[in-house]
Structures are given as structure tokens and as C-alpha cells.
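**Student:** With chain E held as given, fit chain A onto it using these hints.
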Amino acid sequence: DGGITQSPKYLFRKEGQNVTLSCEQNLNHDAMYWYRQDPGQGLRLIYYSQIVNDFQKGDIAEGYSVSREKKESFPLTVTSAQKNPTAFYLCASKGGEAYGYTFGSGTRLTVV
Amino acid sequence: LAKTTQPISMDSYEGQEVNITCSHNNIATNDYITWYQQFPSQGPRFIIQGYKTKVTNEVASLFIPADRKSSTLSLPRVSLSDTAVYYCLVARYSSASKIIFGSGTRLSIRP
Chain E
35 DGGITQSPKY LFRKEGQNVT LSCEQNLNHD AMYWYRQDPG QGLRLIYYSQ IVNDFQKGDI
95 AEGYSVSREK KESFPLTVTS AQKNPTAFYL CASKGGEAYG YTFGSGTRLT VV
Chain A
694 LAKTTQPISM DSYEGQEVNI TCSHNNIATN DYITWYQQFP SQGPRFIIQG YKTKVTNEVA
754 SLFIPADRKS STLSLPRVSL SDTAVYYCLV ARYSSASKII FGSGTRLSIR P
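From first to last, the protein sequence lines are chains E and A. Sequence positions in the first sequence follow this note's numbering and run 35 to 146. Sequence positions in the second sequence follow this note's numbering and run 694 to 804.
If we strip away everything but chain E, and leave its shape as in the complex, we get:
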């Protein structure tokens, strides 16, 4: 079945360490997105990519970095510059207009 795979589901890191969250899709979608969700809040856009080797900052890009070397993959690195990295991170992709955005199951990052 086609979909988006995020790994790991839970991630613990020490403060000051960089960490990379994986996002892979086999839907052949061109566009991919990273969102952050804090408890009781909506989703906020971190980065998005419309095609391979191209990406744009979202509303809260500071302290994060991404790459898009392959159509299927859009990894997110949470750097030590991100002040409050503990959150639920969601990856999404978009294909045709009729099908909306497909989300992964998320990665819950806890920094201690």
C-alpha cells in the first residue's frame, strides 16, 4: 500500500544534539512538507519542497534544516539552534488536487 513512513515513532535526545527525522513516501508525490505540533495546538509549517533539490522555509524554519535529494525522501534535521525542539513532528505529501494531503503517523521528539 502507498503511504508515508516516518521513523522513528519516538525519539529522545540530549539538549544540544542534532537529530534527523526520517520521512519516506511511495506515492510518487512531488510536494512534501514538515509540520510541528505542540500539545493542544494546530500544525505549524517548518519547511516544504515542491520538487527534488528545491525547498522553501515555512513559518517556523529557524533551528531546522531539510534536504530533498530524492523524490521519495524529505528528512528533517532538528539542530541545536532550535530553542524548544520537544514536539510532535508530522511529514506530509501532496499529489493531485483531488486527493488532499497525505500525512505520516508522526515522530514524537523529546529533548532532555
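Some hints could be false.
Partial selection, computed: residues in chain A whose CB lies under 10 angstroms from chain E [as the list claims (entries may be wrong)]:
1) PRO737
2) GLN742
3) ILE793
4) GLY797
5) ARG799
Derived from the structure by calculation, the hints contain no laboratory data. Predicted, not measured: the structure shown is a model, and the values here were computed from it. Even glycine gets a Cβ: it sits at the ideal position worked out from N, Cα and C.
**Tutor:** Positioned in the frame of chain E, the structure of chain A alone reads:
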């Protein structure tokens, strides 16, 4: 993209029809409305989308008046499993650009 406003929370009972209204006063001509459902610790799931009038699928209906400044998601005969957060979003046709999530409506269904 147009900002959306929807109620913070709603309560209902099993078997009832639930209508969640969203306002998007600044919607543009090439924007459409889309709704998502999210359960705790899961990614949002697409429910329905539309441009104008009425759209119906196997899980919901979407009503959009002529001025398109609001929309109403209708869930027929809800069950306990419909307890979730529902997001109303405005997205743009022919663009893979970002969509903006508001805080959503937290729907609680009681037995």
C-alpha cells in the same frame, strides 16, 4: 491564504448529526476548502474538500454557500469514534504551496 475561524470545541451524542462551521472571509477565487480529522498522536486524515455548493462522500458532506465566506462540515449519525479534532483549511489550486492549519475544533461524542 485565507485565515479560517472555527469553534474551539463542540459536544454531541452518538447517532446525532454534527455540523461544524468554519469562516474564511478572505477566500480567493482560486482557493478551495478542505477538511481534515486528527486523532491524538496521529497525523491528520483527509475528509472532504470542495469549491462551492455541496459535496458528499461516504463519511461527510460539505456545504459551501454562494459567497464562499464560510463552509459547514456535516457528519451524519456520529459515533464515539468520531471524537477527534477537525481542521478547516483553505488551499490554492494548481499550487503545491503551504496550507495553514488553525487550532481546529475539538469534537467530543458522548454515549
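**Student:** The structure should be examined with respect to each hint, and the outcome stated for every one.
**Tutor:** Hint by hint, here is what the structure shows:
no., hint, in the structure
1, PRO737, "5 angstroms, holds"
2, GLN742, "6 angstroms, holds"
3, ILE793, "7 angstroms, holds"
4, GLY797, "6 angstroms, holds"
5, ARG799, "9 angstroms, holds"
Of the hints listed earlier, there is not a single one the structure fails to meet.
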